[in-house]
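There are 2 protein chains.
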Amino acid sequence: MDKRYLFTPGPTPLPPQVQEALSRPIIHHRTTQYRALFKRVLEGLKQVFQTTQPVLVLTSSGTGAMEAAVANLLSPGDQALVVLGGKFAERWEELCRAYGVTVATVEVAYGDAVDLPRVRAALKAQPGTKAVFATLCETSTGVVHDIQGLAAIVNGTPAVLVVDAISGLGADECQTEAWGVDIVVSGSQKALMLPPGLAFLSLSEKARHLIEQSKSPRYYFDLRRSLKALEDDDTPFTSSVSLVVALDEALKLILERGVAGVIQRCQTMSQATRQACQAMKLELFAKRPSNGLTAIVSPPSVDCKKLIKLLQDRHQVTVAGGQGSMAGKLFRIAHMGYIAPSDLLVALGALELSLAELGYPVTLGQGLGAAQTVFGSVKPASTGAAPAPAHSVRA
Amino acid sequence: MDKRYLFTPGPTPLPPQVQEALSRPIIHHRTTQYRALFKRVLEGLKQVFQTTQPVLVLTSSGTGAMEAAVANLLSPGDQALVVLGGKFAERWEELCRAYGVTVATVEVAYGDAVDLPRVRAALKAQPGTKAVFATLCETSTGVVHDIQGLAAIVNGTPAVLVVDAISGLGADECQTEAWGVDIVVSGSQKALMLPPGLAFLSLSEKARHLIEQSKSPRYYFDLRRSLKALEDDDTPFTSSVSLVVALDEALKLILERGVAGVIQRCQTMSQATRQACQAMKLELFAKRPSNGLTAIVSPPSVDCKKLIKLLQDRHQVTVAGGQGSMAGKLFRIAHMGYIAPSDLLVALGALELSLAELGYPVTLGQGLGAAQTVFGSVKPASTGAAPAPAHSVRA
Chain U
1 MDKRYLFTPG PTPLPPQVQE ALSRPIIHHR TTQYRALFKR VLEGLKQVFQ
51 TTQPVLVLTS SGTGAMEAAV ANLLSPGDQA LVVLGGKFAE RWEELCRAYG
101 VTVATVEVAY GDAVDLPRVR AALKAQPGTK AVFATLCETS TGVVHDIQGL
151 AAIVNGTPAV LVVDAISGLG ADECQTEAWG VDIVVSGSQK ALMLPPGLAF
201 LSLSEKARHL IEQSKSPRYY FDLRRSLKAL EDDDTPFTSS VSLVVALDEA
251 LKLILERGVA GVIQRCQTMS QATRQACQAM KLELFAKRPS NGLTAIVSPP
301 SVDCKKLIKL LQDRHQVTVA GGQGSMAGKL FRIAHMGYIA PSDLLVALGA
351 LELSLAELGY PVTLGQGLGA AQTVFGSVKP ASTGAAPAPA HSVRA
Chain R
1 MDKRYLFTPG PTPLPPQVQE ALSRPIIHHR TTQYRALFKR VLEGLKQVFQ
51 TTQPVLVLTS SGTGAMEAAV ANLLSPGDQA LVVLGGKFAE RWEELCRAYG
101 VTVATVEVAY GDAVDLPRVR AALKAQPGTK AVFATLCETS TGVVHDIQGL
151 AAIVNGTPAV LVVDAISGLG ADECQTEAWG VDIVVSGSQK ALMLPPGLAF
201 LSLSEKARHL IEQSKSPRYY FDLRRSLKAL EDDDTPFTSS VSLVVALDEA
251 LKLILERGVA GVIQRCQTMS QATRQACQAM KLELFAKRPS NGLTAIVSPP
301 SVDCKKLIKL LQDRHQVTVA GGQGSMAGKL FRIAHMGYIA PSDLLVALGA
351 LELSLAELGY PVTLGQGLGA AQTVFGSVKP ASTGAAPAPA HSVRA
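Chains as they are written, first to last, in this note's numbering: chain U, 1 to 395; chain R, 1 to 395.
Please keep in mind that the hints were generated in silico from the structure rather than gathered at the bench.
No false leads were slipped in.
The list cannot tell twin chains apart, which means a pair is met if one copy fits it or any two copies do.
Within a straight-line C-alpha distance of at most 25 Å, the following computed DSS-like cross-link-like pairs (lysine-lysine) qualify:
#1 K306 x K329
#2 K124 x K206
#3 K287 x K305
#4 K287 x K329
#5 K305 x K39
#6 K46 x K228
#7 K87 x K228
#8 K39 x K309
#9 K228 x K305
#10 K305 x K3
#11 K87 x K287
#12 K281 x K306
#13 K252 x K379
#14 K87 x K329
#15 K206 x K46
#16 K3 x K306
The shape of chain U in the complex, shown without the other chains (with noise of 0.2 Å):
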């Protein structure tokens, strides 16, 4: 009888009617029934990649796509740039040293967002630099980098630009054709609302170019071979056919809403998530907060591995906790994919109730009327169906 809510970022709840898709009897993925769909399903993703250039998929959790990009852009010995500020930036570290790469870094403090004249110099100190790992939103801090100066920087070097747009996409604004980023990662189980086991990948021209010069070893994650298949609709090796057809359930509730529409329906989360917080005086971390999350340090006088445990048992309330050397100082929660302002009450009643379990003072109701205070605020056209706006990108 226990009701359960979910507000991690990633996996994020599913609507009902992608979890009636995946409920459907399998369908061959070679016949012209699946070809359709999955043509489909990739004009759709372009939208909301913001991009008229191809968007990959690819069968694996975000990571995959990440290695992808690292194995298919860069040879060993070539030099690359990431830029550093939390768990998931330095997967790209990790993932182009593995490959033999020559890394640079730009790091900032977990919390803090991207400082681009940093780039911009480390980018002239090393000329040759190949490609720039960035990341849109960084999940274990709940910062949204900078991408747009970025690719404004990266755009006037030789240097092509890959953004980790895994928790970010469809939460935080991406404009990938736009700000020319040329290769933009995602996941499915972030605001795409499916399970994980999809990822997705766009490739700009300059982005296509270096693929066919990379000496790495590669073969399932080859993009030569996914670009081929792609020109019949199809994938190189089988795809997860029940998460293809359950994202082109996603796909048309975004698509429905407008990108623009559900990005803002995030923000306007993020927004009175934190001004829940200021009235219970709690701590932000992110210094550039995301729409898709937020990390909200734990007090001192609290024990945030009891209180995120409370929130669970207590109140069937899932949120995730700090990551790596932030284990037990934060906790984070989601406002990206199906989850929906009424929903966001019900984890911050969770989360003064509990407070006050443990000891901190918090008057009940004054974070929750803080939130209500930002959502009365909002015009119903914002969280309605938008109107497309200009930067969308319509077949």
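Given the structure of chain U, go ahead and fit chain R onto it with the hints provided.
Here is chain R on its own, set in the frame of chain U:
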């Protein structure tokens, strides 16, 4: 209103219990709830693989696990032997070459099974061979290779034996541990009755030792990470949660029947199909036929593509055509996973009608009768709950 019947050797039909599990609300993968389920799945997989050694779960299609085997066992310049005889065996060679491995091959014609003395001679000629790559069921030809015999040869050398059992496991006998197969690779969408999207890989101690030595670049498929995560019943990267939850249901069904009983059912269907073909004077392609599928040579007087299209359009029966050089020459009917003898009558009945429509001389019901005769000869015990066989590995 059209009712569809899937007889392709992957994906195979989903049991209703699996469909239901796929549609459940998502749960987070770093919870005690999911860990307990995943631990049960890992134990169940060991029973299906007939081993007490670890079986890893990868979020990819089967090819991903094949690549994981190559990249983790071998370094550039290492020597490998590949047993060729079909499209999927050729994938082993392509993978080895992609990783700079020096490849020797023992090739048989499509439709033939591995010639063991030639393998023995090849290993004698190349005593430095580090790994032998083979296929249990070659899905492109319907051949089941003699893996037990192959293992007896390879086990007398320093090489490891790696077997692609993507479509074979759970249809053809595969005694991983008793035979001494170091790595068995499988996939979710065949006898395991799931959608595509998960791959599996068993690892002997000998294989685990080699993994520590490989210098090939790898990250997502780095099995050292997988083995480390396995200590906590976890995976290094986000699992395809819904597919794993569904796998838990599929394994319950398989283990309830018993692996031997499941294989026996496939064997009954393959025998019945061969008898039906004989009655219809159709030529079988595989010299050593798998239990999992039957590859049938299209009669010279019949246009194979027309036949497959007629089966699909008139009878909603989906079978597979030939692959690569066998396209237009073969069609393939699956007997693995959630396909039961009674279902096979649907496929054979549609085949009789379609052949008749295309002018091929058949007596309607003759093939069906031959299949029925096989079904009637099977003792109820062997299609019912079979007693635990001697080789079954129970936790």
